[in-house]
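The working numbering runs 2 ahead of the 1-based position in the sequence shown.
Just so you know, the hints here were simulated from the structure itself, not pulled from any lab data. Just so you know, nobody snuck in bad clues.
Mimicking DMTMM-like on lysine to aspartate or glutamate, the simulated pairs with C-alpha atoms at most 25 angstroms apart in a straight line are:
{"id": "1", "residue 1": "K268", "residue 2": "D287"}
{"id": "2", "residue 1": "K268", "residue 2": "E293"}
{"id": "3", "residue 1": "K268", "residue 2": "E303"}
{"id": "4", "residue 1": "K417", "residue 2": "E363"}
{"id": "5", "residue 1": "K268", "residue 2": "D283"}
{"id": "6", "residue 1": "K268", "residue 2": "E284"}
{"id": "7", "residue 1": "K417", "residue 2": "D370"}
{"id": "8", "residue 1": "K351", "residue 2": "D370"}
{"id": "9", "residue 1": "K268", "residue 2": "E299"}
{"id": "10", "residue 1": "K351", "residue 2": "E373"}
{"id": "11", "residue 1": "K417", "residue 2": "D482"}
{"id": "12", "residue 1": "K417", "residue 2": "E440"}
{"id": "13", "residue 1": "K417", "residue 2": "E401"}
{"id": "14", "residue 1": "K268", "residue 2": "D292"}
{"id": "15", "residue 1": "K268", "residue 2": "D279"}
{"id": "16", "residue 1": "K417", "residue 2": "E373"}
{"id": "17", "residue 1": "K417", "residue 2": "E455"}
{"id": "18", "residue 1": "K351", "residue 2": "E363"}
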Amino acid sequence: MSADVSGRPPATGGPGAGTVPHPAGPATTYRPRSRVRLRVRLRRKFLHLLRRWRSSLSVRVVASTVVGGLLALAVIGGVLTLQIRDGLYDERVGQMLEDAALRQQDAQETFDSATATTSQQVQSVANAWIRNLDTAGSGAVGALLIRSPGETSAVTIADLGTNTGIDLRALVTPAMRTAVGTEGGQHWQPVPLPGQGGDAPGIVVGSTVTLPAAGTYEMYLVYTLQPEEETISLVLRVLAVGAAALVVLLGGMTWVITRWVLRPVKQAAFTAERLADGMLDERMDVRGRDELALLGESFNEMAASLQRQIERMEELSRVQQRFVSDVSHELRTPLTTIRMAGELIHDAKDSFDPAVRRSAELLHAQLDRFESMLADLLEISRFDAGAAVLDVEERDLRELVQRVVDLNTILADAKGSEVRVHAPDAPATADVDPRRVERVLRNLLSNAIEHGEGRPIDITVGMNASTVAVRVLDHGVGMDEEAAAHVFDRFWRADPARARTTGGTGLGLAIALEDARLHGGALRAWGRTGVGASFLLTLPRRAGSVMGGSPVPLSPEHDPSGTTTHELAGPGGPAPLSGLSGDAR
3 MSADVSGRPP
13 ATGGPGAGTV
23 PHPAGPATTY
33 RPRSRVRLRV
43 RLRRKFLHLL
53 RRWRSSLSVR
63 VVASTVVGGL
73 LALAVIGGVL
83 TLQIRDGLYD
93 ERVGQMLEDA
103 ALRQQDAQET
113 FDSATATTSQ
123 QVQSVANAWI
133 RNLDTAGSGA
143 VGALLIRSPG
153 ETSAVTIADL
163 GTNTGIDLRA
173 LVTPAMRTAV
183 GTEGGQHWQP
193 VPLPGQGGDA
203 PGIVVGSTVT
213 LPAAGTYEMY
223 LVYTLQPEEE
233 TISLVLRVLA
243 VGAAALVVLL
253 GGMTWVITRW
263 VLRPVKQAAF
273 TAERLADGML
283 DERMDVRGRD
293 ELALLGESFN
303 EMAASLQRQI
313 ERMEELSRVQ
323 QRFVSDVSHE
333 LRTPLTTIRM
343 AGELIHDAKD
353 SFDPAVRRSA
363 ELLHAQLDRF
373 ESMLADLLEI
383 SRFDAGAAVL
393 DVEERDLREL
403 VQRVVDLNTI
413 LADAKGSEVR
423 VHAPDAPATA
433 DVDPRRVERV
443 LRNLLSNAIE
453 HGEGRPIDIT
463 VGMNASTVAV
473 RVLDHGVGMD
483 EEAAAHVFDR
493 FWRADPARAR
503 TTGGTGLGLA
513 IALEDARLHG
523 GALRAWGRTG
533 VGASFLLTLP
543 RRAGSVMGGS
553 PVPLSPEHDP
563 SGTTTHELAG
573 PGGPAPLSGL
583 SGDAR
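Please take these sequences and the hints and turn them into a complete structure.
Here you go:
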């Protein structure tokens with residue numbers, strides 16, 4: 003029956019199986035939360051270091067230099083350590099073998115000069131040699147004298163060994179005894195020497211001597227390499243300290259040099275940010291004539307060129323705005339005169355022959371269109387001058403939508419488009435300027451009718467706690483992403499060659515966007531070629547408040563189901579209001 007010597011108490015099959023009670027108290031409960039928290043902390047540390055690695059070139063350069071230096075020092079230190087260890091070991095073993103040969107020669111001379119003939123006499127001679135053996139000269143820590151197995155002399159003595167506290171006989175292996183006893187000469191092998199601090203390296207050197215009357219005996223000398231091991235340990239410590247100091251010095255120098263080299267780059271980034279913020283006079287500080295100074299000079303030249311170009315473009319923009327404003331105001335007086343003359347001619351058209359009467363009608367219609375275009379130019383001039391103001395009142399967007407639909411019924415009928423309004427049952431009230439919101443909706447609806455190709459047009463009204471929204475969706479020619487990105491630009495048209503029946507200045511959507519922004523809202527566009535286009539107007543419900551998410555999606559692909567539909571528009575109704583037409587598409 004074997005006994006368990008591991009020292010662990012046997013497990014039982016009860017409920018408490020696997021729980022080891024502490025001798026001084028109850029069992030300690032393992033808490034996995036601490037391990038989870040440790041993993042979380044380690045993960046945060048790792049992510050922080052990863053962010054630093056990705057965001058800082060200095061950190062990457064210093065870390066790469068330190069790691070490369072550590073690898074190089076590790077390789078060089080390893081090679082040097084091996085060379086020092088092997089050289090010191092070989093040299094010391096050679097000295098020990100020479101010492102062992104001298105001791106064997108001295109012992110043989112001592113035994114040859116003795117006249118002992120009996121076992122007692124031979125034992126005395128051997129004991130005297132053992133006592134007189136100087137074991138401290140070359141690191142020898144013990145000696146052993148053993149009768150050779152092949153010796154047949156009748157005179158024998160007891161095996162002798164120095165009293166060192168080590169079992170010297172256990173250090174001699176049978177293979178070494180065989181080699182010493184049969185081959186003769188000097189033989190050695192490395193052995194571990196037991197000690198208080200652990201095993202120390204050493205060697206055993208064996209040879210044969212001839213005792214008077216007793217015959218051949220084997221002599222073994224034990225040497226320690228503890229001093230050499232301590233020397234190697236000292237060398238390793240010195241190398242490690244030197245390597246650590248060198249790595250720290252290398253890392254510090256790399257950090258300083260990297261910061262010095264990257265200083266112009268950081269300054270260039272800072273200057274670029276200031277330029278992007280509109281501080282066009284910002285420049286880099288250039289010092290010296292090296293490559294970094296060349297970088298600064300090139301950057302400053304680029305910044306100066308950009309400043310000149312931006313100032314030139316700003317001046318052109320100011321000239322354009324001033325020209326538009328001046329021309330718009332200057333045209334008001336002659337237009338008024340022409341309008342009065344045109345009204346007189348139009349009122350008397352019935353007295354003209356058919357050709358002149360048709361010309362009078364065309365003149366009247368084109369005067370309306372020209373006046374609308376001039377109104378657009380004047381309005382955009384007010385936005386440029388910062389003179390546009392809101393006349394806010396609480397209104398229901400459903401009523402504004404209904405009014406715009408009624409005004410565009412004749413145009414929709416002429417194009418063959420059915421206008422469908424989807425609105426909630428509850429009032430969609432908001433603080434708005436009715437004139438401006440109607441103008442935006444009129445522009446969007448006329449655009450949809452113009453490009454809807456006779457297909458239905460859907461107007462969706464929505465609201466939530468902070469926002470009201472109106473989406474105008476047509477299913478006509480649509481537009482691509484590039485057109486959607488530029489559709490609110492002034493004087494921009496996706497297809498300038500396209501024939502138009504409600505054309506204008508190309509400012510309709512630009513004015514609509516400015517009206518939406520003046521309310522603190524937004525106007526966005528979406529389109530897909532051959533599918534249709536969608537325009538979404540979102541406004542805060544209270545003047546000066548912040549909008550939340552839109553209650554109506556921009557894209558019809560994400561339109562939620564279940565919207566209540568009210569047909570607020572049908573055939574017939576008043577004539578459409580000419581004026582701000584969809585000029586941007």
